[in-house]
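Listed below are the residues making up each chain.
Number of protein chains: 2
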Amino acid sequence: MGSRRERVRDFSKKMMKYTVSFKPNDVAIRVDGGTNLLDAALAAGVHIDAACGGQGACGKCRVKIKEGSLDSPQTQNLDGEAYRQGIRLACRSSVIGDCTIEIPAASTGPRGLVAQILEMGRSDRRIADLRNVPLAEGWQLSPMAVKVPVRLRAPTAADNVSDLTRFSTALRQQHGLQDVVIEMRCIKAMPQLLRDSDWQVTATCMVDPLKIFEPSGTGEREPWRLVRLEGGDTSGRNLAVAVDVGTTTVCAQLVDLNTGNVLADKTVYNGQIAYGADVITRIVYAQKPGGAKKLQSVVVSSINYVIDELMEETASSKKDISAVAVAGNTTMTHLLLNMETRYIREAPYVPAASCMLLENAVNVGIDLPDCSQLYVFPSVASYVGGDIVSGILGSGVFQKEELTLYMDIGTNGEIVLGNRDWLACAACSMGPAFEGGGIKHGMRADQGAVEGFHINPVTLEPMLVTVGRTKPKGICGSGLISILAELLAAGVIDPKGKFARGLPSERVRQGRYGYEYVLVWAEHGDTGEDIVITEVDIENLIRAKGALFAGCVTLLESLSLTFDDLERVIIAGAFGRYINLEKGQRIGLFPDIPVEKFHFLGNGSLIGARTVCLCRDMLREVERIGKMMTNVELSDNASFMDKYMAALFLPHTETRFFPNVGRYLQENARVVAEARKAR
Amino acid sequence: MGSRRERVRDFSKKMMKYTVSFKPNDVAIRVDGGTNLLDAALAAGVHIDAACGGQGACGKCRVKIKEGSLDSPQTQNLDGEAYRQGIRLACRSSVIGDCTIEIPAASTGPRGLVAQILEMGRSDRRIADLRNVPLAEGWQLSPMAVKVPVRLRAPTAADNVSDLTRFSTALRQQHGLQDVVIEMRCIKAMPQLLRDSDWQVTATCMVDPLKIFEPSGTGEREPWRLVRLEGGDTSGRNLAVAVDVGTTTVCAQLVDLNTGNVLADKTVYNGQIAYGADVITRIVYAQKPGGAKKLQSVVVSSINYVIDELMEETASSKKDISAVAVAGNTTMTHLLLNMETRYIREAPYVPAASCMLLENAVNVGIDLPDCSQLYVFPSVASYVGGDIVSGILGSGVFQKEELTLYMDIGTNGEIVLGNRDWLACAACSMGPAFEGGGIKHGMRADQGAVEGFHINPVTLEPMLVTVGRTKPKGICGSGLISILAELLAAGVIDPKGKFARGLPSERVRQGRYGYEYVLVWAEHGDTGEDIVITEVDIENLIRAKGALFAGCVTLLESLSLTFDDLERVIIAGAFGRYINLEKGQRIGLFPDIPVEKFHFLGNGSLIGARTVCLCRDMLREVERIGKMMTNVELSDNASFMDKYMAALFLPHTETRFFPNVGRYLQENARVVAEARKAR
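Chains A and B supply the protein sequences, listed in that same order.
Just so you know, the first sequence maps onto residues 1 to 679 in our numbering.
Just so you know, the second sequence maps onto residues 680 to 1358 in our numbering.
These aren't lab readings, by the way, just hints derived from the structure by calculation.
Don't take each hint at face value.
Taking lysine to aspartate or glutamate and the EDC-like style, the derived pairs with C-alpha atoms no more than 16 Å apart in a straight line are [said to hold, decoys possible]:
| no. | chain 1 | residue 1 | chain 2 | residue 2 |
| --- | --- | --- | --- | --- |
| 1 | B | K1306 | A | D159 |
| 2 | B | K1276 | B | E1080 |
| 3 | A | K627 | B | D838 |
| 4 | A | K188 | B | E1038 |
| 5 | A | K319 | A | D370 |
| 6 | B | K1276 | B | D1244 |
| 7 | B | K945 | B | E1080 |
| 8 | A | K66 | A | D32 |
| 9 | B | K997 | B | D957 |
| 10 | A | K440 | A | E529 |
| 11 | B | K997 | B | D987 |
| 12 | B | K1306 | A | D179 |
| 13 | B | K867 | A | E102 |
| 14 | A | K627 | A | D642 |
| 15 | B | K702 | B | E746 |
Listed below are several chain A residues computed to face chain B (Cβ distance under 7 Å; list not exhaustive) [as the list claims (entries may be wrong)]:
| no. | residue |
| --- | --- |
| 16 | L152 |
| 17 | T156 |
| 18 | N160 |
| 19 | L164 |
| 20 | M190 |
| 21 | P191 |
| 22 | Q296 |
| 23 | Y343 |
| 24 | V350 |
| 25 | A352 |
From the three backbone atoms N, C-alpha and C, an ideal C-beta is built for every residue, glycine too.
Okay, chain A solo, but in the shape it has when bound (with noise of 0.2 Å):
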């Protein structure tokens, strides 16, 4: 809040950016103004302690302050004196300026090993740089819903044309909106609407989908369709939902279409996580008796609560949303349609439809004006649904010459390897462990989800920040990712994902079901028990990631082509805020290529749907994508289980597809064990 020179000066200081230097390490990393100190360090790869996620509880974050000053508040967990001589809690301070500081001995990894890291040109980066994020581009906001106040003459004996007709012809008069064809249910409410509100009503016209793709409509004119009548002007109030229906997350975003903004975005659990963690097991429910229309139920009801969720935290009414776009995997738009899914899973993998399709939003169960109008994504096969052609859409893979690898990391991976020129695919179950599904503490990147980890490869002791600095509450996509990366880096699981022995550390120990790391202390922690990562989360870890893998090397050589071909590789899923790159590709999720040619996109489905939501000329691009790819079947394919076999190690059995991640691993074993000894 604040006086506005406040505000004025904080948003000042926040555009700026500073250089912060970690002693004893002597790293430097230039961060916003703003920046918590704890992500900072995080970023920079120096390790602190911190055991409590980032909410200042266990007050082991302690840092001394050398030169500059921190935004940093006094706390309980830090007396009068400490503060006086400068000692902050890392994870309670924000960066306001240059500064120097210093890391406890205790609370810092081994000095040099840091730095020597950074100067192999690995750094982190963040998920949401929206600066940085490839989208599709040459689009202007048009939205696919328009609402447009319409002021009528009244009747009278010389002019006593039809109420439709004054209305086409205003419509047409005061918009160029011309053909627009008129739902029977707007004709109806007319005669009684236009004299209620004394001849001045709001038009919501939508493009027809299913018209927009012919050759006919490939005209100036719009195939505009009129589906709501409003009385007075309310144009003003013109919203759309684009969700991304995915296994295991039902994610949306509120967008207002009149001035392209996104107004909120929340993610939820898809019910159908309760009927099986993956689309074969949803399948298989699916044709017991009653079972699609249960999936269907819960799925519905998912969408209602994200939808929800936007209204209550935007404070908007449903009745302003027009439109809704659905993008999800081909069985999850299959199961939200009513459609059947059975023929999906048999062999040869057939499924009911590969095209836009449109529904009025209420007839599957969303709870929405009757006019609302629902836009469900093309599928492409089987098991290359519309979130990847949704995906492909919103980060202008289908726009640029450049040779893009783009990687949808979900319960379901997939995979398109092409340009503006053409586009092969191809599915690989991953099953949601990248998700927390499988995961012992796995989560949704919520509030409390470890998103960032760091370990101490001295002492074993983390460093780990959590979505909204809150208690712990358990471990989320990028958490695991780190985690992985991070336990392999130390020596504390071997490259196929077994736990070392012996290690000097009570946090890792025999547990009920095998060898786990305990990252968080019960007492640290929001779920009153210790949060743990098992051998066994490594095992589904490393079977997912092995499978995404396996699944570009097949695509890749069915077009007889290497990663060093590839000029772009684009990144999607719904991570948390942060995904550390060079932590992906040394446990062999991401291919070892320069850091250069990498971007993360997001939830690049639930880029695509909003995509459509605000340019409904991209609703012809959508259909052009969709018949421009090519499927890779990889169920089939003998070479591909060969390849997924080999895969399951970190990173690879083969060194030759990690060269400097082999060679990064083998450095750091020298340094680290150089340290213990040191010891």
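Place chain B on chain A using the hints.
Showing chain B alone in chain A's frame:
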């Protein structure tokens, strides 16, 4: 039934034309073989007493064969002796060759009168004579719904496109149907249906009228929509129902869309008549709480009932009905579609919509498969409805150069003037009199309705023919015209419609509600009471014909035209089999211009509705006709009221409008007076 030879012989006889000469009148007429002798006499204007409607019960219509022979059985009313002498009942005799027939003196009218009348160039015309009916030309069978068999190849690993893509491709390759919009219902049904029916299905595709009107739809491709998918090959069964929803009756035809044949024809009362006789009282009723809903449901019940009747008569199944085309006046179609009718009645008389409307038939409550489409003809104005647009389409008025006056006689009298270049229209409330409504013994043109009537001007005995030659039950429209004209010519009523006093017949009497003429004594009728026409009935009929005629004059004058400018007059309306043009002129219902210019169309609204069922290209003409028509509002027109008052006279207060009728009535009065004196 009979043997093939007999049927061939019967057929040959019927194909021949024969001359029937009547004595003592010395009138001859050429008729088709097989014509009923009473019909032949009626057509020739020869009076034969016939009191029972032609059922052979009263035995009054005895005639004697002078030359030739008749196909005529010996009946109860005719003993062997009389039969041997050549005496026959006219109503039971069919013409099978040239013949001369003598009518007993007691049974015939004044000699020479009829001959004079025939010399004046007048003759009866059959309304149902299809060879002379003016119909839209230049169209070929191209039904609004097509059913085509589609044979698919089962998918394989090498060809696993979606079911929808597979189907659409086959539809294009096998039938040239491109860019077909597939309804969600069909997409959902597809996976299971294709496999259950071993990849052989039948597709029902319809043109989308909402799209056919759009400029972009005028290309070569038609806007097809897949509305139904069935297993196997059912393409042989493709039906439509054309419906005229009138204020008083609902008429329907069952049409085979594959052959263009009319399979059956049925008429029922519009159940709404219980809630008001005309559109105004219906609209008033609709304003009451639940009123509109009630009216909607009863008219739908009538439609459902008439469809059931069509199904029963033809042993057809409703599931084969692809489409229903409905034409009706503006109020009827608004009520049917649940649209507000209030502003139709209130100045400035604005209907809700004036374009072709499309609904799923089930949505309005019509009991048909949920794929069946309901096409509703567009109205032009509040009192110029889709029935008139349909009639102009069906009659081809919009195609011809001749200046045509089109008169649709129903509860609402609708008039169109114009040709292929322009169309002007007007409507006036006639009330249901000519449909039998508000007439003491009025009825629809059903079995037992008096449809033909002649009076012996000396004895005042009637000659009457009923629909189906069954016991008289009441009087239908064509009967009412004849009765009025005959009573006028015989001097039973005066030009104001008042009964003459002191006539020498017990058939003219003071009844409960004033003077009346007894057509049928209770003993010969089917109702247990005498069937009469009252002075009140006659007043109603005069008001009805007066309104129509005043409308015609007003419309002509508004365009600076007179009746003499007309090149054609088309009479439409759901009359019985016969309508007598000369008699219609005599009472001032039809203008007094040469009979050669008249054409009887029958139910033009129904014919137009049938035409669009059979020829989808006509949908475009429907829209064009609606747009071409200029409405001349009569209700605000001061001169219309004057003209209406002037027309409340038989034939009219202004003799200039009916010069020939005037001369005839004068001459007739002289002959009748002489004949009565001679007796």
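We went through each hint and held it up to the structure:
1. B/K1306 / A/D159: holds (15 Å)
2. B/K1276 / B/E1080: Given that 16 Å is the threshold and the Cα spacing comes to 14 Å, the pair holds.
3. A/K627 / B/D838: holds (15 Å)
4. A/K188 / B/E1038: OK: A/K188 and B/E1038 at ~12 Å, within 16 Å.
5. A/K319 / A/D370: holds (9 Å)
6. B/K1276 / B/D1244: Cα-Cα ~11 Å, so holds.
7. B/K945 / B/E1080: Status violated; Cα separation ~34 Å.
8. A/K66 / A/D32: violated (20 Å)
9. B/K997 / B/D957: Distance ~31 Å between B/K997 and B/D957 Cα, so the pair is violated.
10. A/K440 / A/E529: This hinted pair holds, its Cα atoms lying about 12 Å apart.
11. B/K997 / B/D987: holds (8 Å)
12. B/K1306 / A/D179: Measuring from Cα to Cα gives roughly 15 Å; hence the hint holds.
13. B/K867 / A/E102: The given pair, whose Cα atoms are some 65 Å apart, is violated under the 16 Å limit.
14. A/K627 / A/D642: violated (30 Å)
15. B/K702 / B/E746: holds (11 Å)
16. L152: It is violated, given that the least Cβ distance between A/L152 and chain B is near 11 Å, above 7 Å.
17. T156: Where the cut-off is 7 Å and the nearest Cβ of chain B is about 6 Å from A/T156, the hint holds.
18. N160: holds (4 Å)
19. L164: Holds: closest Cβ of chain B sits about 4 Å from A/L164, inside 7 Å.
20. M190: The hint holds - A/M190 has a Cβ within 7 Å of chain B, the shortest such distance being about 6 Å.
21. P191: With a minimum Cβ separation of about 4 Å from chain B (threshold 7 Å), the hint on A/P191 holds.
22. Q296: violated (11 Å)
23. Y343: holds (5 Å)
24. V350: Check passed: Cβ of A/V350 comes within 5 Å of chain B, closer than 7 Å.
25. A352: Given a least distance of 5 Å, the restraint on A/A352 holds.
When the structure is compared with the earlier hints, violations turn up for hints 7, 8, 9, 13, 14, 16 and 22 and for no others.
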